[in-house]
Structures are given as C-alpha cells and as structure tokens.
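Asks: Read off the chains here:
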Amino acid sequence: MANLFSSKPKVLSRTRGLWAEAAFQKTLSISALAILVLLTAIFLSLLIHSSPSLKAFGLTFFFSQTWDPVSSRFGALVFFVGTLLTSFLALLICLPFSLAISIFIGEYFREGILSSILKQVTELLAGIPSVIYGFWGLFVLVPIVRDLEIKLGILPHGVGILAASLILSVMVIPYAASISREVIALVPSDIKEAGYSLGATRQEVVTKIILPYAGSGIMAGTLLALGRALGETMAVTMVIGNSNILPHSIFSPGNTMASVIANEFTEATGRLYLSSLIEIGLLLFLVALTINFIGRYIIKKVSIRA
Amino acid sequence: MGKHLVAIFLSFILMPWSALAVAKQVELVGAGATFPYPLYSKMFYSYWKTTGIKVNYQPIGSGGGIRQLTNLTVDFGGSDAFMSDEALAKAQAKILHIPICLGAVVLTYNLPGNPEIKCTPNVVADIFLGKIRRWNDKRIEEINPGIKFPKIDIMVIHRSDGSGTTFVFTDYLAKVSKEWDGKVGSGKAVNWPVGLGAKGNTGVTGLIKHLPGTVGYTELGYALLNRMPAALLMNKHGRFITPSTASVTRAAAVPLPNDTRLTITNADAPDGYPLGGFTWVLVYREQAYKKRSMEKATELVKLLWWMTHEAQRYTEPLHYGQLPEQAREKAEKIIKSIIYDGEPILQ
Amino acid sequence: MNREKTRMRVIKDWVFVAVVVTLSFLAIVPLVLILSYIVKNGLSSLTWEFLVELPRPVGEKGGGVANAIVGSFLLVIIASLPAIPLGVSAGIYLSEREGGRLSFLTRLAVEVLHGTPSIVIGIIAYLWLVIRMGRFSALSGGIALGIMMLPVIVRTTEETLKLIPDSLKEASLALGVPYHRTILKVILPAGLGGIMTGVLISVARIAGETAPLLFTAFGNPFMTWNIIKPVNALPLVIYNYATSPYPEWHAIAWGASCVLVGLVLALNLTARIIARRWEVKF
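One line per chain: the protein sequences are Z, L and H, in this order. Counting from 1, position 183 in the first sequence corresponds to residue 183 in my numbering; the numbering is continuous, with no gaps. Whatever position you read off the second sequence (first residue = 1), add 1000 for my numbering. Whatever position you read off the third sequence (first residue = 1), add 2000 for my numbering.
Chain Z with its partners taken away, still in its complex shape:
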C-alpha cells in the first residue's frame, strides 16, 4: 500500500491491476447499495414486527385513546396528540428566535465578531446531548413552569406539555436558524438593492423583500426542525410527565410517541404490547421520512432558483 508508484514491472501486475480496479469499483457500489439495503431492512423489520398490532387494531389504532396493557387494547391517539402538540408548540416558540438569528447573521451582520459569536454559540447549542437538556429542564425549567402554574391557579404539575415544548424549542432553534440563514443569504443582492434604491428602509427590505423571497426556504427549515422535534426522545421523556391520558391543555402532562417507546419498550410483556410499540416506531419513522422529503424538496427548489 505504501509505495504506490513503485509498482514492479511484471506481467502479473497488469492483470492484478485490473482486478484491483474492478474490486475497487465494486466495493464503492456495494457500500452505496449497502446503505440503501440497510434503510429498506429497517423499514421492513419495523413493518414485520408491527404486523400483529396492525392486524389486531387496524385503523382504530390511530383514533383510540385507550392504552391498556391489562386487557391488551392499544390505541395511540394520546401519543400522536402529545407529539404534535409538543412539536408545534416548540416550533411556535422557536420561530421568532430562529428567524431573528437568521436575519442577524444572514442580513445585518454578515461578517464580524458579533455574528461569528452568535454562529458559534448556536452551533454549540446544537451539540449538547439531549439527555443533558432533559436533566437541566427537570431541575431548572420544571420548577419555573410550576411557579407559573401556581400563579395562574392551575394544577401545578411542572412537568407536562409546556415544559417539554420549551425544552424542545431551545433544542431546535439551531436547526431552524441555520437553514433559514442559508436561504436568507441566498437572496440575490440585486433585488435587495433595487429595494434600497427605491428608498426603502432596511426593515422594509427585510420584511417586504427578503422574507417573502426566502419564505418557502424558511418554511423548509422549520419543517426540518419539526422533523427533529418529532423524534426527540430523552429530553422530552424526562419532563413531559409520562401520562397516558389525553392532554386537555398545554399544562397537562402527556406522552409522545418517542417517549412512550423509551418508557415501555424493555418491559412490554406480551406480543401485542410490544408490536404496538413497534408500530408507533414505524409511524415515527414514516412521519420523519415524509417531513424530510418535503423539506429537502423545497430547499432544492429554492437553491436552484437562487
């Protein structure tokens, strides 16, 4: 391997070279194929192992809110609602912040210390493990939410949908911001300059030219952030309260699709119980897949246009 240019002038080496060439090409295509196979296998495994519950409950699985291991009746509505509620609430909270960051870095301060600090810090924020967010959330955020609930005169759980959404929003800000930033930076300068030449203020250029132009890209970024929020497990599990009752307000405790798997997977006794959990995993996989596809598709279209 080491001395590559000192190939010995032998007749053999030529055929060997050809063989190596072919082997190399094959290795490359096989690795590419392997990833494809891996993904297909993941999907099929999930499908096969969730078939008992698919057969037993069919569509009622989506609409039933009974999750009853004693009588082996399972419906996942509570977890769908929990997942959707936490994810969308998290996005709602995160949007102003991520948008501000992306305007800050993408438009106002493209270079300089301030923007580089902000950039580095948001990237660091993305690097902190989820379990640490959960730990911090449990010890710092939950008491704050509890105090808030006491002030509002609501049953002070502390843990619940709201706490989970707050933690999630902090976690997804970097994702939403980094994609929006790229899209905002892609807005061609001639149309911005056209705006300025008409006497528009910077605020007007941002809100009336840049944001509409980058709108679909920002949406895509938000969508990808949503994909991340949907599948987030540990931080949510630690602060959501793990209650299998349909949440009736954002202060209620709940459970998400990911957190119910984390909580019950090792102890699920019975085939149907386990298979129901795997079906939730399958749905999580499919939802994440769809969201990723749509998000990537929009981004691709945006970057082609720019």
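Hints may be right or wrong, so weigh each one.
Within a straight-line C-alpha distance of at most 20 Å, the following computed PhoX-like cross-link-like pairs (lysine-lysine) qualify [said to hold, decoys possible]: (1) Lys1151(L) - Lys151(Z); (2) Lys192(Z) - Lys2012(H); (3) Lys2185(H) - Lys26(Z); (4) Lys1049(L) - Lys2061(H); (5) Lys300(Z) - Lys2162(H).
It should be emphasised that the hints constitute simulated quantities derived from the structure, not laboratory data.
Given the coordinates of chain Z, assemble chains L and H onto it according to the supplied hints.
Replies: Just chains L and H now, kept in the frame of chain Z:
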C-alpha cells in the same frame, strides 16, 4: 502519516480484545424489579468485593424482568409480581420463583411540613380513582384530626413502566375496592384513571420529592432513605399500621404454597401492614439452555443460595424484611431443584 | 405629513433592528444557563476518584463513573469500525457518480437515515441483535450508534470530495495512475481534513445519544471491555441518576454531564479546527 494513523487505529481495536482475553470470568446478568434495587445493588457490590463475581442487575421494572427472561436475554429476572399460571404455562420451560425478601409498599407524599397522615383503604382507592381531588377533602380530614391540610389539588404519581410495585398496589386496591376491581383491575401496568407516570421506583420517588401536592406509592426503603413520609394504613382489623419491616413481616405470617407464589396484601394478621409482598428472583429450572456453561449455572445457584442466606443481613438496614423461616426453607428446596442437563446442581 | 411618515419609517427600522438583536441574544441565554449550571454543579464532583472508580451501591457516598467512561469509549469504537469505512466509501461513490439511479436512491436513503429518530434505531438494534444474540451487549449499542454515524460521514465525505477540482484527478490519471489509486492516494488525502471533520462531528453526535442505548447497551455497574456484555455509558448514567431521588446520584449525574459536555464540545471544536486548517482550497 497514514501509517501512524493505521497503527493508532489498530491499537484502539486490539486493546479491548486483549483485555477480553484476560478477563474471562463468569458474569451474571439480571434485570427486573426496581423494588429491591437498593438491596440488590448492595448485595451484588459486596458479592463482587468478596468473590470477584460480577452480577449486573438493571432495574427496568418487573414486567421487563419477566419479558427479558422469556426472551433469554438475561440469566435471571427480578419481579415482585409472580407469574400467573397461564403465563407459566406459556413459557418455553419451567420457571422457578425464589423469594429473596419482603418489602412494604407505602403511600408517600409531598405536603408542607410533611405531617404523618393516616389512610383508610377506601380513601386510597378514591384518591387513585380521581374521586378525591383535594388534600383538604372532608374524608381525608375526618381520619386525620388535628392536621391542617392545604387547599391544594392532589396530584397522583404512578409508574409508567411495567412494575411489580404496581402489581402489589393494584392487587391491594382490587381487594379492598369493588369499584377499582371493576374499572381498573390489577396488573403490572394498568390503565390509570388519573395521574402522572414516572419510570421505576426511583422515578416515582424522585418526582414526588420534586413536586409538592403529590402522592404516590413506592417501596418503603425508597421513602425512608429519602426522608420522605409514609402514610399509616388501616388494615382488615381496623387498626392504623405504620409501615415497617416488622409490620410487613407480621403480615407475611401466613402459610406459603410450595412454589412461594402468594400475595400477602390485605392479609389477616391483626398487627400486619396490609400493603406488602415478596420479591422474587426468577430462573429457569433447567439451566442447560442456549449453550450455557455448567460453570455459569453453578455460579448462579451459588449466588441464589448466598442471597437467601448470608446476604439476608443486608435486608434490615435497607428497610426490607428478612425472609421468614418458612419462606427460606421453601426457597432452599426450590434452589436445590435447579438442574443442569437433568442433574441437580446443588446436592 | 410626508416627513412625519418618513420619521415613522425610520423609527420602525430602529425598532426592528433592536428586536432582531434582542431576540438573537435571548436565544443564546439558555446555552449560557445550561453550561453555567452544569459547570457549577458538576465541577465539585469532578475528582480523580470520580473518573477512576466504580459506582457504589444506592445511597452510599462516593464512587465514580469509570465504567461509563470506558463503556462510552467502547461504544464509539464499535460504532466507528463499520461506519467509517462504509460511510467513506459510499461517500466516494456518490461524489464520483453524480447522476445514476443508485446514486439518487442512496442519497435519498442517507437523507432518510439522517432524519430517522434515534429511538427507532434503538428498536432496530434490539430486534436485529439483542433478540438474535440473546443478550444485551455493547455490540448492539455500538451498531445502533454506528447506523446513526453513517449518514453524517457519507454526506461530509461526498461534499468534501466534490470540492476537489477535477484537474487534480485528471492530472493523476494522465500520468497513468490507475483510477483506484488516484482516488485512494490523490483525491482521498486531499479531502482528508473534511472527512475527518465529518467523523469527529458524527462521533460528537453519538457520544451523547441515550435513546438507542436504553434497550441495547443496557447498563452495567461494573467495568467491562467485553463487547458482548452489557456496558454502561455516560448518557445512560445521566438519565438513570438524574431521575432518581438520591442527592448523591444527582451529584454524580452533574459530574457526568460535565464530562460529557466537555467531551462533545472538545470534539466539535477539534472538528472545526481541522476543518479550518485543512480546508480544501485550490
């Protein structure tokens, strides 16, 4: 440079393997009940210090213990809920229950000042059914004269995982409340009418400690080690009994069946605490399954013997009840019935 | 009237800037809070014993997380062994063949894999390895983490190699160097910085992963180097100890968080330094 990288990389790969060659010792893996976890962690730590045998016990809940044993992913399961006849018949081989100790399940709570409160079976059932919603409910105040209850809502905390503690607790509620029996029933995991879920006895205790106004059920030791209150519970004879290792041992003074599978909730003993139970280690009777070595089987049996004998001295300091004499005798017989390839391991 | 309107517009402009700047910096407040909280609570438990000792039984003071540190290390190695070669070679394939059906599908698969929730990967590792092997093991945990590393490595490899100008490859081929040697000895070394960045980032990503380990690596209170035995890992320790009621365990969890955050940040930082120093420039 490339060569160096390769060398570093190789040494990384080889290091664990060389270590593997040295440490070729029997290691036992168990999983299950969180109820006896403080005791087991103490026992297995001491066992490792004295014998060098590592026993890895993961508290994932009794349901998990049974499931992992039937999946053959662990050497033994831990459970405070015994397997039903039906479940035993379904298992691919005969499973034995070996009682290790007694434990009390207590109601613990987080109230200002944490007064010592008394509970009757009906009050407990109605709290967990969501019918009593406030701490200053008349029915709670009636049985606790002299205690000023705050005007706050009761927040129920239960287990989110399949749990033997839940089994003991719901078994008790089903015995004392017809409504509970009809609506919820008993099991390792049930469809809770109210409340928040937390994982493991640690999770429940942690959450109760964390949130004022909460009430939940947990193993006695978890409450006491954390300096949390434990409610007095009225037994069949109308007496309020303080949960303790002594009072739960008194409740266990009932004739045991030979396979030791028995719940002792709502027992008849006049001074017995009505909410407690045995915790078991579950193993296969025939140890020669899945190419397990004789050595491993022998170590497992030795460990079980040690747990039911010498290791009993660790029970009291951690607030578990020692095995009563009759339970230990039965445990001995069960341990002796464990076989390897048809031959008894211990004579 | 008109002047009044202009003034309003200018004021609006100023307000807008103020809002953007304030929101931007508010967004990083949580990071500052989290880091300072971890450092404040964690540093006091970070002693030498903490790093080299095994955990003690419940409720006893002292003890450390040596087993978890070793376990995390073991898991990362098991994950890297298949993921790095497979990821890099798939990345080469994608950068070499822009079009083509296989490239298209593989690229799609990489995207999907990247977006797959970690808990789902955990289920897969449980179904494929834990049940089949009949035991929880470092191997199953490592493979789960390896699957999570894969998409990051493929993407960074592809993106890095695409930046290398064709002229370099053409020059090598013109000299009569076979194609595979051109890739291995010319293109790959030129993009090594980028690929290493990708590897480090992916390691940082998996080092803090907890969800897939819950039902694969499982945890172990003892030290083990054996890859077919259950192992502990830093994130598992944090999860199990953080939700417990014991103050001694909380202290250990804070300490472990400190170690983990330090590790992850160091990996990210190194990745960034490598990326800057060995940037592909031609």
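Asks: Output the numbers, in ascending order, of every earlier hint that fails for this structure.
Replies: Those not satisfied: there are none.
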